[in-house]
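Student: Take the sequences, apply the hints, and build the full model.
Chain order of the listed sequences is G and D. Reminder that position 45 of the first sequence reads as 57 in our numbering, one-by-one numbering, no gaps. Reminder that position 79 of the second sequence reads as 228 in our numbering, one-by-one numbering, no gaps.
Just so you know, the hints here were simulated from the structure itself, not pulled from any lab data. Possibly wrong hints are sitting among the right ones.
To be verified - The calculated DSBU-like cross-link candidates involving lysine-lysine, where the alpha carbons are at most 30 Å apart (straight line), are:
#1 G/K364 - D/K251
#2 G/K523 - G/K414
#3 G/K113 - G/K214
#4 G/K364 - D/K267
#5 G/K248 - G/K288
#6 G/K263 - G/K113
#7 G/K248 - G/K263
#8 G/K341 - D/K267
#9 D/K198 - D/K228
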Amino acid sequence: MGFTDKPANSEDQSSHGCRPNEWQKAAESVAGLLWICDEAGYLEALARMGMPAPESEQPAAQVSAQPKHWVSLLDESSQQSALSCWARNASENAPFSGWLKFPVANGVPQCWLTRILPYKAAGELRRGWVGIALDFRHLENMTSGGKRDFEKTELFELAAKATNDVLWDWNLMTQELWWGENFYSRFGYAREEIASDISAWKTRIHPEDLERVTRGIEESIEQRKENWEAQYRFRKSSGQYAIIHDRGYIKLRADGTPKRMVGAMIDITKETEAYKEILRLNEEMKQLVARRNIEIASATSALEAFSYSVSHDLRAPIRHIIGFVELLKRSNGDRLNDEGLRYLARIIESGKRMGDLIEALLALSRLGRVEMHISQLNLAAMVEALQRDFSIELSGRQIEWKINPLPNLSGDEILIRQVFVNLIDNAVKYTRLRQVATIEIGAEDRGDAWEFFIKDNGVGFDMKYSHRLFQVFQRLHSETEFEGFGVGLANAHRIIGLHGGTIWAEAELDKGATIFFTLPKSNTLNERSRETPNERHVKP
Amino acid sequence: MSDQKKILFVEDNINDIELTLTALEEYGLANEVVVVNDGEEALDYLRNKGQFASRLHGLPVVVLLDVKLPKMDGLEVLKEMRSDPELKVIPVVMLSSSREEKDLLTSYSLGASAYVVKPLDFSEFVATIKQLGLFWVIINEPPPGIERMRRDPSVVKVARELLWKISQKGAEPVQ
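Tutor: Below, the structure is given as structure tokens:
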């Protein structure tokens, strides 16, 4: 059977004297049954309102032909008990009211609020009963738009299928709870096991979460909030708990009382586990970093202890050697021949050199602990100033400078200047034997980075030793040829590295050398920590 | 002039002691120096304790204090002196083999009067020590209660001239 478009047959309407349109209206807004029966309970009239009749039900038109007792309207399972209850009241001519189970079309029997009142028609001897059974669920549906609600339910199901979420619809008037199809498939329950009220849900929430979740939902309803949400564990038929993110929307009536709550349970078990895994990995990473930091800190403090010790303990004996040789020369110099005096001079010279080497080594070690101060650098101006300084110092020499346009970029001013100082110093030094020295400085755009070069026409070097060029205390020329400690390029190497660039050299023996280095345009520079802000201002 | 020595020199290294005293010798200041070998001895001397319990009372016009010392290092001695109401007024010159930022900062924040790096070059070393001796013993006015060297105006004048000469020489680039 389909929908009952008409509430009842025309006989019923006329027999009770209601205006047809009122009857119609009432019938459409009330879902349930209305009946009249005689003193013994046999039906005289029956109206079915706002809902389809069950298959088992005979058409109302036949009621008068074959009188039936009103309890036959009930679901078979409750007919017997209903009859005895009613009969007890009827014997005292008392009204009956209670929840009775009625069969409904295409579904499980439903409990409807039922009232049976005695009546005595005016001017008639005949007595009888008027019964009404109301389905509040349908009443709700009727008031919210009748048939369209079914379509909405269908849409609901489709939505549930599409989203894979478990949709639910909780009628706050009847307490009836409707579950979307996914509820059964996702949690593995059979329809029969699930009661159609809130208990089906509450009993499956993890005991530790239950109080919080139910309190939250109660508060939302009491405080007339529109939305509720919670996360909790929900037991599946397997006994395992799914982690659920549940959101509900509370629909209020025009007077503000909560009418209905609609929502969706989203199973976030997998996501939660993934998130936990991320947290775990994150924690592991943090610990790893912390461990590394401790290692680095201890290595750094070891290095500091070393350089402290070097600066104190190694310098003192050198000072003593120089001091006593000097004293020896003063007090007994007249007793030494030229050779003896020359030896003493050598000792002093070596001692001083040792002191300088230690100083250079310390400067390099301090460089590793430098904190960079990044600012925008005008390299053209910087190099021009350096060239001026060098030219003053080298007034006796003939040097052709060729300085190409240089970009502005960000870096540590003191450190970058140091690089140019060291590289220009080298170029000046190794072109000393040239009649006319040429030193060219320039830069090329390499996309992400600027590539700089400093080219000279000096003595150059054999490329097979180029790997030693940037190592500390490595020299490719003897000290008698060219003075130096072998830290200038090591320093430059370190500074360029700190800035995220690279440095290399190209040369040919006796044909000059070119030092190249890059500096990135964007600055993703490592901030280095160090103790005191003055430590950077060390001499190279 | 009492028997009181005017300079307390705290140094553990025998070579440094000899070189320093040699430098001070030139102006006859070596006789004004008492040498102790570690921090504890320095404090004992200043407080007339231990082996110095029977020494004449009186405080030096300056303490030349090496940073690195056995037992109690120079910085600790300085700290101890500065927290002692009797000793806090005495000028203290810290001597070090190198210019360590940390030591420099700590020394000054603890109230050192000066911090001197012993130069590697011997003539520079001698010049530095002489200047120190001349300045603290002859030129500088010591705190009240500390007896200074006899103030013969002619000596002060000579010292000033010498100091001027040396400082001019010292102004040349060191390295």
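Student: Next, verify each hint and record whether it holds.
Tutor: The hints, checked one at a time:
The hinted pair formed by G/K364 and D/K251 meets the criterion: a straight-line CA distance of about 25 Å does not exceed 30 Å. For the proposed pair G/K523 and G/K414, the alpha carbon gap of about 17 Å is at most 30 Å, so the pair holds. Restraint check for G/K113 and G/K214: satisfied, since their Cα atoms lie roughly 24 Å apart, inside the 30 Å limit. A C-alpha spacing of about 13 Å is found between G/K364 and D/K267, which places the hinted pair at or below 30 Å, so the restraint holds.
The suggested pairing of G/K248 with G/K288 holds, with an alpha-carbon distance near 21 Å, which does not exceed 30 Å. Note on G/K263 and G/K113: the hinted pairing holds, with a Cα-Cα distance of about 28 Å set against a maximum of 30 Å. For the hint pairing G/K248 with G/K263, the CA-to-CA distance comes to about 28 Å; that is within 30 Å, so the pair holds. Taking the CA atoms of G/K341 and D/K267, the gap is near 20 Å; set against the 30 Å cutoff, the hint holds.
Proximity of D/K198 to D/K228 is assessed by CA-CA distance (about 18 Å); at most 30 Å being required, the pair is judged to hold.
The structure fails none of the hints (numbered hints given earlier).
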